[in-house]
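Protein chains in written order, with my numbering: chain A, 1 to 276; chain B, 1 to 400; chain C, 1 to 270.
What the hints contain is simulated information worked out from the structure, not anything from laboratory work.
Predicted model, so just to flag it, every value in this text is computed and none were measured.
Heads up, a few of these hints could be off.
[As the list claims (entries may be wrong)] Chain C is faced by these chain A residues, among others (derived, beta-carbon under 8 Å): (1) G76; (2) R85; (3) I107; (4) I137; (5) Y223; (6) T226; (7) P229.
[Claimed, not checked] Computed far set for chain B versus chain C, every beta-carbon distance over 12 Å: (8) V67; (9) M78; (10) Y119; (11) A249; (12) F259; (13) Q280; (14) E314; (15) I325; (16) E331; (17) L333; (18) S338; (19) V381; (20) S399.
[Said to hold, decoys possible] In the DSS-like style, the derived pairs of lysine-lysine whose C-alpha atoms are separated by at most 25 Å in a straight line are: (21) A:K228 x B:K83; (22) C:K231 x B:K83; (23) C:K213 x A:K227; (24) C:K231 x A:K228; (25) A:K125 x C:K213; (26) A:K227 x B:K83; (27) B:K83 x A:K46.
Every residue, glycine too, gets a C-beta built ideally from N, C-alpha and C.
Take a look at the letters that make up each chain.
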Amino acid sequence: MKTASKVFTVAVFIFLYVPMLVLGIASFNSVSDVVVFRGFTFDNYKALFQDSVLLPLLLNSIIISVIASLAATVLGTAATLGIQRMGKRLRRVTMFMTNIPLTNPEIVTGVSLALLFAFVGQALKINSIMGFWTLLIAHITFNLPYVILSVQPKLTQMDPNLTSAALDLGCTPVQAFFKVVLHEIFPGIVSGALMAFTMSLDDFVISYFVYGPNFVTLPVEIYNYTKKPLHPKIYALFTLLFLVILLMMVVMNVLQARDTARHRNPRLRKSGGPIN
Amino acid sequence: MTMKFRRILALALLLGLTVSLSALGTAAAKDDTVTINVYNWGQYISDGTDGYIDVNKAFTEATGIQVNYMTYDSNETMYTKLKTGGSSYDVIIPSDYMIARLIREDMLLPLNFDNIPNYEYVGEAYKNTDYDPDNIYSVPYTWGTVGVIYNTKYVDEADTGSWNLLWNEKYSGKILMFDNPRDAFGIAELSLGYSVNTESEAELKAAGDLLVSQKPVVQDYVMDQIFDKMEHEEAWIAPYYAGDYLLMADENEALGFYFPEEGFNFFIDAMCIPTSCQHQAEAEAYINFLCDPAISGENLDYLGYSTPIEGAKEYMDEETAGSDIAYPSDEVLARGQSFLALSTAATQTMDSLWLNVKTTGSSSALIIGIIGLIVVIAACVVFFVLRKQKKARRKNLYSK
Amino acid sequence: MKRQFLSGPYILWMVLFTIIPLAIVVYYAFTDSITGAFTLKNLAAMGTYLPIFLRSIWLAVVSALICLVLGYPVAWCIAQAGPRAQRFLYMLVMLPMCISFLLRTLAWVSLLEDTGIINNLLGRLGIGPLRLVRNDGAVILGMVYNYLPYMIMPLYTVIMKIDHRLVEAAQDLGCGGSQVFLRVTLPLSVPGIISGVTMVFVPAVSTFYISQKLGGTTSTMIGDVIESQFKTAYNPNLGAALSLVLMILVLACIAVMNRFTGDDESVATI
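Same shape as in the complex, but just chain A (with noise of 0.2 Å):
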């Protein structure tokens, strides 16, 4: 059964990335068009970099994530800290609270938002209320629940009498906070963080309904030319993004796994001390 679900997953993986590879190729054509392949060029990479529109709003998405998966960290992790002292209703109305951007369909928070900045836009007279801010914000909201998720199993998983080994050892309460909890929670912070930049880079469905003609993110911009011909470029940037993202992935995952190696074997560790 095993070499039979070996092929199945290498078959599966091929079904995954094939899409990768048509686009990949097609950013290499000479003429515009994905079906039939006339000639190799590095044309549409040249056109790519002399461009004005697609590279800044590719930074426009990269500055609302960054900016939006950091609110999200910061604003989470206090919240879960909170939670856990939390009495056990009160902890399951604001669990409860924190699963509905989860469960809801994407479209219905994209609505939802939407409705309420043009609420608030007609209550206060403001006509062009749909902008970096309201993106902001959707963003935000929308990445509070995975970095909650994220830090939640880390917290309860710490051993709490580690806060009081600290304060017998004579740390100041913030000391211990940051040595000792913070020290804990720290891998489910970075991974609920790097999950609320990856969610935010490709969002499509909430920018759609919130977003304002002076800053447009790239997955937007991207739904608005498929709407008309598309110009090969975008085949481009996006078998770049592709490149970039794979590379960042092995980059992690190898700076990871030497992490990780160092931790078990005790001769590769390098500063002294038993905990490290």
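Here the structure of chain A is known, so what remains is to put chains B and C in place on it, guided by the hints.
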């Protein structure tokens, strides 16, 4: 997690944050130049492809005003964007009937023609129109017509000439249709011999039924996606604007065009300033720029649509200026009908009929679907109930 | 400083940007689009959209089941690999999710079109152009393709955590390979199955882009209708009513699923 890894991570985060904030900062600092938001149809301005003029770039070079150019694919999309508020545009370019509707709903600003001296070049035939009788709110950008584009390789000449080609079952699955209610209903109304501005409930319903009957042969409801589909011959027949036919014909010479005998839509697209505008003087400068005969000529030479500006034809290619598709004879034009704004009630009726057209599906597949769904749900319920019973039984066994 | 108050800003944020917007959706759903008065008209219109709701649910359920069939062996296979390979494969599964799903869906259109890549290849073999796109099958393919990673991830997380000693114990007691699977692995992975099915079903039932690009004129889904009410036809009230019904539908499905996982586990595993 080692110190080194954490330090690398912290550095990366700091870097990301600094880059983002500095990018934001420079973007904010650049804001001493005025930027206007222009909202126009897609594929509706010459942007430098194939060596033609880049109108927006030329405008920025001439006046120093930056242009943030965005597109929509139908009047209704543009109207919804304006109505849901929260977005400010400085220049919009809707069609005649939509301008009438916007005026009626007080969504346009009166233009200051002191800032638009080039208005004198606009042909008399395009002033004092039905939609803007006193020339207060709009300046014409293009005029055009709607007809049928077809692929001469696959479509029999004998089948052409009328709107009924769009219902012809011989080409089922190869026919495209307008994805906006006004244009689609217009075609249906012309086929049935009604006025394109009818408000009679019965006639609208009949047109709606005709459109529903077309659904089985329609490949897709499209607007600008039509370019790829017709050029790559994914579809063979489509109703669309004459100017866009000329653009497509450049890419695929097998495409032909005709004006149906029942009549067709004649439209004027004009530039207006919505009430949400932030930079009125600069917006008027943009409108003025587009009325310049040289600019209009070079722009519409590429677009293929027809210019309302006198003297613009001198700047066009002879072939385009003499084209009888872009500039049909008066005899042909007599068959054209313009859209007028419909009353709110009629618009609502048309909108709900259109939604019905778009959403009717095949009912046989649905019945299979419902039955399948019930089976799946029943199976799940049975499975889980049995599981719970088994668990309870096992618990009893061990607790004895 | 009481640590409870750390969550104060968060609660305020969620109330402002999750609870209140939903209340506004309810408000719009019960309001007439022109007069602004209270009306049940929008909800009454749900009757005409029942076929579309059913079609959306049906397509989403089929997609979720296909994802389960495709994803389970993959998740199981990854869980059997060594830890370094596991991390690498997991990353490979997650990678497509980070990249524009719009373009990937468009790539499928290019593959499946009448003049697309697959039909071109078939044409060279002499097989006539097959109608591969613009039908419900293509929509299901698109949904399976886009949401397969969402199924594999929770399944893998759960299967990986299964105590290997249980498997060994079963083998010691005389179970063959398939019996071990049916009696030990499969029942223990049920929470992952439920989680995965939910994570595929929810976006699948509410998608609008996939059905627009891959579906035919008869494959309209509820997401399409909601999107059109907010973007092309100006009727936010009808759109809000549809969104409300969709949300209640999804919550109902999740509540039902939660009952079957057991009392304490929440469905959203990451």
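Please name the hints from earlier in the document that this structure breaks, with their numbers sorted from lowest to highest.
Per hint list: 7, 9, 19, 25, 27 violated.
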